[in-house]
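Based on the sequences and whatever the hints tell you, model everything.
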Amino acid sequence: MIDLNLLRDEPELVRESQRLRGEDPELVDRIIDADARRRSSLAAFEGARAEQKSMGKQVATASADERPALLAKTKELAERVKAFQADATQAGNEFDELLRQIQNVVEGAPPGGEDDYIVVREVGQARDFTAEGFQPADHLAIGEGLRAIDTARGAKVSGSRFYYLTGIGARLELALLNAAVDCALRAGFTPVITPTLVKPEVMAGTGFLGRHSDEIYHLGTDDLYLVGTSEVALAGYHSDEIIDLSDGPLRYAGWSACYRREAGSHGKDVRGIIRVHQFHKVEMFSYTTVEDAAAEHQRLLALEEEMLALVDLPYRVIDTAAGDLGSSAARKFDCEAWLPSQQRYLELTSTSNCTTYQARRLSVRERTESGATRAVATLNGTLATTRWIVAILENHQQADGSVTVPEGLRPYLGGLEVLIPKA
RNA sequence: GGAGACGUCGCAUAGUCCGGUCUAGUGCGCCACCCUGCUAAGGUGGUAACGGGGCAACCCGUUCGAGGGUUCGAAUCCCUCCGUCUCCGCCA
1 MIDLNLLRDE PELVRESQRL RGEDPELVDR IIDADARRRS SLAAFEGARA
51 EQKSMGKQVA TASADERPAL LAKTKELAER VKAFQADATQ AGNEFDELLR
101 QIQNVVEGAP PGGEDDYIVV REVGQARDFT AEGFQPADHL AIGEGLRAID
151 TARGAKVSGS RFYYLTGIGA RLELALLNAA VDCALRAGFT PVITPTLVKP
201 EVMAGTGFLG RHSDEIYHLG TDDLYLVGTS EVALAGYHSD EIIDLSDGPL
251 RYAGWSACYR REAGSHGKDV RGIIRVHQFH KVEMFSYTTV EDAAAEHQRL
301 LALEEEMLAL VDLPYRVIDT AAGDLGSSAA RKFDCEAWLP SQQRYLELTS
351 TSNCTTYQAR RLSVRERTES GATRAVATLN GTLATTRWIV AILENHQQAD
401 GSVTVPEGLR PYLGGLEVLI PKA
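Residue numbers (my numbering): 1 to 423.
These are calculated hints, taken from the structure and not from any lab test. One should not assume that every hint holds.
[To be verified] Straight-line Cα separation of at most 30 Å, DSSO-like style, residue types lysine-lysine; simulated pairs:
(1) Lys73 to Lys53
(2) Lys268 to Lys156
(3) Lys75 to Lys57
What follows is the structure, given as structure tokens:
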């Protein structure tokens with residue numbers, strides 16, 4: 001939810017943001033109309049209600065003679081109050097529904113759609129496998145050779161896009177996630193293991209129930225949603241609270257399973273564990289002041305790059321175009337690692353600045369020096385996911401099917417330096 | 001799953017049986033000021049969020065776990081739901 005005052009004072013700014021996203025700019029004007037209707041009907045209701053309350057007091061103190069006449073009047077007034085209230089409630093609901101449709105106001109993201117990102121920087125050097133004299137295998141072939149990834153049995157038991165991580169595969173994931181938690185701890189984040197089932201209002205509050213709601217698993221019997229990221233649970237953590245940011249941002253590192261339906265991605269990344277229905281992730285989540293949000297966004301990006309350096313992957317950072325932003329994000333940076341088998345980049349991390357959008361929807365506020373309350377900003381960013389295994393196996397593979405363990409990860413694998421294929 | 005108790009403005013609690021004087025009282029905490037040579041103590045006042053109108057002091061409305069209902073009027077009566085606690089059952 002965006003700031004209503006911004007929409008009133010600078011409607012053109014919001015219209016332009018909607019255009020950049022490829023969304024309807026006229027929604028802004030429909031909201032302004034709905035706001036006017038809401039306010040006039042609210043004034044009518046409140047006036048009638050005030051009258052009703054004061055007459056109620058007269059009834060209480062009236063003598064037995066006066067009472068019948070007063071009661072007749074108040075009875076009639078009660079009808080009017082009820083009607084006015086129904087109008088006001090309806091106008092309020094219409095207004096809320098429209099306001100919730102407006103996506104966050106874009107801040108600095110390049111215009112365009114999915115392919116219109118800007119490459120911020122490229123880091124590290126992709127290996128030249130031709131010069132090394134062998135064809136790089138894909139992560140699944142390597143993983144199967146190591147007895148680390150089993151997609152066949154995953155499909156047998158749970159269906160397509162499910163998998164088992166076995167032996168070194170399981171250890172590799174734990175190592176990565178533990179390294180991510182350590183990275184977060186060093187940076188002052190509080191590690192949190194979150195719920196992965198959340199209520200509708202929390203899912204809606206984070207902005208995931210809009211256009212892409214078919215991406216989300218819903219348990220109808222219990223009306224609960226399976227989270228696609230611990231961001232959801234961490235955003236809900238301080239919902240309906242007034243938090244204290246006077247000592248700096250509140251920073252959490254969520255560890256959770258993540259569930260995604262992957263609707264509409266049929267036939268895409270079907271091989272291996274690149275695009276799966278369930279995976280694990282360590283996710284950073286910060287609550288900051290509005291003023292500090294952009295700087296915090298850079299801090300989260302820096303931590304993501306620290307993790308990528310730890311596992312020694314070549315990658316690039318992209319500034320996502322406005323049309324490819326989630327509805328909550330004002331700006332988003334992705335880190336994409338090089339994928340030798342496919343000669344392309346693969347998204348490993350994503351960090352979004354949601355400014356006050358989620359905080360307004362979830363009612364997370366802070367108290368300013370003057371004693372007033374105002375919405376905080378929220379940001380999130382990936383520190384490690386199961387998918388990282390893909391890039392690690394492929395980039396550190398050797399001609400004989402073994403994989404060199406990146407130095408930064410060795411302490412998390414008991415000093416193991418190389419992963420050897422099993423016969 | 002069954003039975004019971006409870007949910008009030010930061011915390012604690014009064015009010016609910018018997019609807020109107022509740023504009024929700026009190027204590028603690030917190031803030032400001034006053035007093036006492038320091039400390040401690042004491043005194044006075046203030047102390048929720050959200051929304052609407054002036055856009056400043058102020059006025060009005062909503063909110064007593066949530067949502068419905070009864071009533072001229074609901075913290076108070078009725079219904080449904082949620083949560084917490086205690087006991088029982090079941091599972092681990």
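Verification of the supplied hints:
The hinted pair formed by Lys73 and Lys53 meets the criterion: a straight-line CA distance of about 13 Å does not exceed 30 Å. A C-alpha spacing of about 20 Å is found between Lys268 and Lys156, which places the hinted pair at or below 30 Å, so the restraint holds. A C-alpha spacing of about 14 Å is found between Lys75 and Lys57, which places the hinted pair at or below 30 Å, so the restraint holds.
The structure agrees with every numbered hint stated previously.
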